[in-house]
Amino acid sequence: MTTAAEKATTIFRRPRAETGFWSWLTTVDHKKIGILYGYTAFIFFVIGGAEALLLRIHLASAESNVLSAADYNGLFTTHGLTMIFLVVMPMSAAFMNYLLPLMIGARDVAFPRLNALSYWIFLFGGIFLYSGLLFSAVAPPLGVVPGIPGNLDPSDARSFGALPDGGWFMYQPNAAQEFSPSLAIDFAALGLQILGVASLISAVNFIVTFFNLRAKGMRLLRVPVFIWMTVVVAFLLLFSLPIIAIALFMVTFDRQFGTLFFDATAGGDPILWQHLFWLFGHPEVYILILPAMGIVSEIIPVFSRKPLFGYAAVVFAGAGIAFLGFGVWAHHMFSSGITTVAQVGFGLTTMTIAIPTGVKIFNWMGTMWLGRLQLKTPMWFAIGFLTMFTIGGLSGVTHAVVPSDWQQTDTYYIVAHFHYVLFGGAIFGLFGGLYYWFPKFSGRMMNDRLGKVHFWLWMIGFNMTFAPMHWLGLQGMIRRTWRYDPSLETWNRIVTVGAFIIAIGLLVFIFNFRTSKRRGEIAGMDPWDARTLEWSIPNPTPAFNFAEVPIVHGLDEFWHQKYTEDKTGRPIRKPEADEQVARLEDIGINPPEPVHLPNPSYFPIVMAAGLPLIAYGIIFHRSIAGKALIVLGVVIALAALIGWGSEPLEEAH
Amino acid sequence: MTAAAHEAQSPHQDLHESTGVENRKLAMWAFLSSEFLFFGALITNYLLYVGREFASGPKPSEIYDIPFTSVSSFVLLMSSLTMVLAHNALSRGDQGATRTWLLATAMLGSVFLAGQVFEFTEFITLENMTLATNPSASAFYVLTGFHGTHVAIGVIMLLSLFGLSKRMGGLTNRQFLNLELVGLYWHFVDIIWIVIFTVVYLLTAVPGAS
Amino acid sequence: MLPTRRKKLGRLLVLTALAISLASCSIIGIPDSPLNSLDPQGPFAERIDNLFWPVFWVATVVFVLVEGAMVVSLFLFRDRPGRKEPRQIHGNNKLEIMWTIIPAVILASIAIPTVRGITDLTECGADAYPIQVIGHQWWFEYRYPQEEVVTGTELVMPAGREVCATMTSEDVLHNFWIPALNGKRYLVPGQETQLRLEAFEPGTFIGQCAEFCGLSHSLMRARAVALTEDEFASWVSSQQEPAAQPAEGSEAAAGLEVFLNRCTQCHTVDPFNVVALDEFSGPDLTHFMSRDTIAGGALEYSRENLTRWLANPPEVKPGSYMPDLGLTQEEIDSLIAFLETLE
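Residue numbers (numbering that gives the first Met the number 0), protein chains in the order written: chain A, 0 to 652; chain B, 0 to 209; chain C, 0 to 342.
Among the hints, erroneous ones may be present.
[Stated by the list, open to error] In silico DSSO-like cross-links for lysine-lysine, where the CA-CA straight-line distance does not exceed 27 Å:
id: 1; chain 1: C; residue 1: 93; chain 2: A; residue 2: 451
id: 2; chain 1: A; residue 1: 215; chain 2: B; residue 2: 165
id: 3; chain 1: A; residue 1: 516; chain 2: C; residue 2: 93
id: 4; chain 1: A; residue 1: 215; chain 2: A; residue 2: 573
id: 5; chain 1: A; residue 1: 566; chain 2: A; residue 2: 516
id: 6; chain 1: C; residue 1: 83; chain 2: A; residue 2: 516
id: 7; chain 1: C; residue 1: 83; chain 2: A; residue 2: 573
id: 8; chain 1: B; residue 1: 24; chain 2: B; residue 2: 165
Don't read these hints as lab results, they were simulated from the structure.
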């Protein structure tokens with residue numbers, strides 16, 4: 000390109016590796032980034048699951064001393080943070096990254112390097128969040144008073160040291176300096192801040208990609224539902240992240256720089272934290288569930304061999320849920336003493352959310368009705384999503400009945416509800432997607448029989464774990480409780496057994512994934528006889544995605560390339576369909592003309608490395624080392640920015 | 000202008016842009032819409048504490064120096080004008096004028112920042128109002144501080160454009176888009192200040208208290 | 000090969016189902032927990048209960064319909080040899096409108112009693128008996144402003160009369176919950192919230208702090224003790240009495256000595272020492288023996304439990320602000336002798 004640019008790139012030799020370790024560090028390919036997101040999220044899923052198992056082992060008896068109270072508090076907080084921010088969000092991001100360009104017929108996202116930056120920031124943010132653990136050994140950590148308020152028995156030592164212990168929503172002032180003086184909350188607050196930056200970058204990137212890079216002819220109402228949900232989630236992130244950013248800044252400033260936002264003794268308002276947190280937190284719930292809804296909307300039509308029933312209704316319902324999601328936040332605070340008017344208002348808006356959610360569920364069932372159901376693993380997971388999510392939705396309606404929420408809030412009834420939505424909903428949906436799109440990135444099929452074993456283990460284990468929690472909650476077992484009434488022990492044991500069944504199911508999945516990836520049946524290009532564009536290119540996906548950019552004529556473009564309909568509306572495979580599929584696969588493997596792709600770059604990972612350094616610096620800002628770290632972080636990020644700016648996306652060819 | 004925008008489009012993208020808005024510009028709009036909520040939350044946060052009484056004072060609303068802040072607000076407002084002039088100059092292809100107006104914009108932004116530093120210093124040393132005096136003061140400093148940071152980042156971007164133009168003897172068509180993006184950002188920061196000045200300063204100032 | 004495996008899987012499923020149903024049979028015999036929220040003992044809790052069950056049954060009907068339709072469609076439409084390709088139906092506007100409107104109508108019918116429930120249950124009645132509730136890490140303090148009585152953990156109240164609890168917190172958020180009498184309400188530092196409580200009949204109702212409030216959150220317990228009008232009046236007058244002087248040379252007198260040396264930084268026993276109410280303080284111990292529990296409800300009162308508590312409080316309640324004072328067994332015994340005089 001310009002001479003200046005060439006000069007600048009000589010600082011760093013441009014990375015050339017296309018395979019191996021370095022290629023993953025420097026990749027800007029949305030598919031590789033998606034895979035990185037997927038593996039990282041999965042590792043965190045195992046960690047978060049192990050935390051859950053520890054909690055459940057502890058709760059197997061009412062007076063258990065398996066975990067100390069401090070460890071228990073640290074583990075449930077970290078379990079929540081991990082599952083929400085380091086598992087469901089990035090796992091959704093994995094699918095979005097991998098599939099967004101493929102499903103709209105593009106060769107990459109709008110900003111490939113920003114995409115890489117977003118991943119690295121996410122990874123470093125996650126590591127940063129957990130790195131608080133290391134600092135429990137540093138005593139006293141560089142000028143900060145360690146410990147916790149009150150007195151601890153020596154037997155109550157904290158093996159998990161500085162795990163954040165305020166609950167994932169870190170209610171103030173319990174999570175303020177005075178009541179939680181260890182560094183844990185600082186690591187959580189700044190870690191979430193870093194993760195927020197990653198999500199914000201992704202959101203902007205996906206929005207631009209969605210609006211600008213759709214293939215010719217792909218009008219808005221021809222876009223697959225999963226992609227619609229991706230962009231709806233991107234907007235939710237765009238509008239909710241700044242609010243949590245402010246709230247987290249306020250916490251960090253309160254804890255580190257002496258501001259008084261949540262200090263009640265100085266006139267601060269602890270309830271303000273809750274408003275800000277849930278103004279983000281409720282849209283966040285939809286950020287977690289909408290991608291899974293999108294995945295299910297892709298799976299069900301394919302395995303019912305029917306188009307999605309009420310496509311437009313499903314899309315608008317998704318957008319409607321997102322829109323309403325900004326108007327219901329205070330339903331997390333019905334017992335906080337908010338005014339009567341607020342309780343009435345938020346109770347009513349909460350009920351209205353049930354309407355678009357119902358529309359979605361009915362449309363999915365309408366798709367299955369009169370279909371020809373292929374009960375393969377992805378379909379089972381979609382069915383699992385539907386049935387479990389319905390339960391979570393219905394228990395949600397009982398919370399909208401405000402007075403009954405006064406009884407149920409802060410009990411296991413709530414724990415049951417949101418696990419039905421987030422595990423029975425989001426996780427089932429995401430694993431369905433994994434089974435469905437596994438051939439896309441591996442070129443092989445997952446073993447279907449093992450997949451079904453996994454599904455049924457999860458279905459049984461999940462219900463054994465979470466269904467009794469409804470009853471436990473109604474029986475008055477409060478959430479986040481280290482001790483509970485001995486009369487509830489039997490139920491809690493059943494729950495613990497259920498949790499282990501889930502863990503066994505996960506082991507089956509891991510085994511299946513590993514063996515299928517190596518020795519699974521070769522998938523071919525279109526193993527599911529699918530409907531959308533990502534299946535019109537070979538498996539595994541070639542680096543350039545589309546050898547020739549598709550022109551879209553309607554919804555379910557790929558299906559209509561293969562099928563026409565008879566007079567009664569039943570599909571008939573076009574005589575030339577096989578030939579067409581073979582041709583697409585052939586040009587996908589041997590592109591008629593070379594396709595130029597964006598080059599890999601070092602700068603995203605370097606730039607991302609600056610952020611956690613700044614965050615460490617803020618935590619230890621009272622010491623010289625801390626101040627130096629802030630400067631170092633800023634310098635690294637700025638240097639990478641300059642390098643980035645002067646490096647062209649593609650080398651001249 | 001359209002030609003410039005077209006050329007600036009990233010080369011790997013041989014697909015059309017469905018909206019007709021260049022990728023990076025669309026990204027900037029999306030980012031700024033997020034920023035609106037960022038400042039919205041900060042302003043709301045400040046307003047929440049306005050009516051409350053605290054054990055220790057003063058509250059910022061009691062010590063505002065409205066005439067002084069009016070002047071610095073006017074300075075920032077004028078910088079939006081010079082930004083438009085820079086944009087105009089470049090679309091005419093007048094590189095010299097572009098540099099002048101870019102520098103003028105950066106200077107006006109710096110004057111505003113200097114005003115803010117002066118204001119903070121006065122509040123802290125003369126009025127004894129620090130970050131930790133009361134929640135209202137905390138909210139004030141965090142809000143105006145974040146705005147000031149945004150202005151500072153804007154000034155750095157303006158100076159980089161100026162420097163680039165100086166070194167390369169002018170801005171290319173490709174960099175025209177950069178100037179447009181910086182302009183968008185700059186106007187946004189300006190608009191936010193107008194809101195802050197009106198809502199946070201003028202509407203909450205306690206008359207005669209200073 | 001395949002069919003036998005299917006059969007095996009089927010048999011496994013049947014066995015699991017059997018195991019689950021057997022387990023649930025044995026579970027039916029389990030008694031309710033003391034915090035059971037489905038056993039209202041007062042008008043407010045009953046009102047909530049009356050709101051919950053209809054909604055629960057509506058939800059159950061919807062659940063059965065939706066999941067039933069799902070199961071039916073799995074049986075009817077699962078792919079079998081010879082099944083024809085399905086007709087490509089893209090949607091049906093009438094159905095869309097129907098399944099938008101019907102849930103809306105159902106929800107509206109739930110919304111009306113909900114709104115009435117909220118408006119009826121939030122504001123205290125004008126002639127309610129006022130009590131102040133103050134949350135501490137990790138115990139509840141109660142003040143009776145009309146009677147100038149201060150007590151902790153066990154909220155003594157008249158039965159059959161509305162009590163209006165005006166609540167706040169000394170430190171972090173707490174959440175006061177007596178499931179048999181009403182739902183929860185936060186205790187917010189620097190702010191006041193209100194909760195209506197009323198019991199139909201005299202009795203003891205178990206409660207708990209429901210908002211995560213730190214290390215001993217799970218041990219921050221409460222009770223409401225509803226008394227008849229007469230019993231309540233005599234309880235109040237006994238609470239207004241100061242403690243009696245222990246007999247010279249008795250073990251209790253030695254215990255008072257220990258108390259005055261070791262405990263008075265946080266605890267009050269009228270008339271021996273008085274800690275200003277709003278200083279950081281532990282519970283007022285003047286009428287220690289009038290309560291059934293110790294350590295913020297973490298333990299039932301008994302000599303063994305009290306010994307355990309005094310010997311090492313953080314062992315009972317992690318993080319307890321009452322430290323391990325290193326009391327000797329002798330000191331503990333005499334302290335207990337003194338405390339037992341505090342009727």
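Now the hints, each set against the structure:
1. C:93 with A:451: 36 Å, violated
2. A:215 with B:165: Violated, at about 41 Å.
3. A:516 with C:93: 46 Å, violated
4. A:215 with A:573: With a Cα-Cα distance of about 23 Å, the restraint between residue 215 of chain A and residue 573 of chain A holds, given a limit of 27 Å.
5. A:566 with A:516: Given that 27 Å is the threshold and the Cα spacing comes to 43 Å, the pair is violated.
6. C:83 with A:516: 34 Å, violated
7. C:83 with A:573: 16 Å, holds
8. B:24 with B:165: Holds: residue 24 of chain B and residue 165 of chain B sit about 24 Å apart, inside 27 Å.
The structure does not agree with the numbered hints 1, 2, 3, 5, 6 stated previously, though it agrees with the rest.
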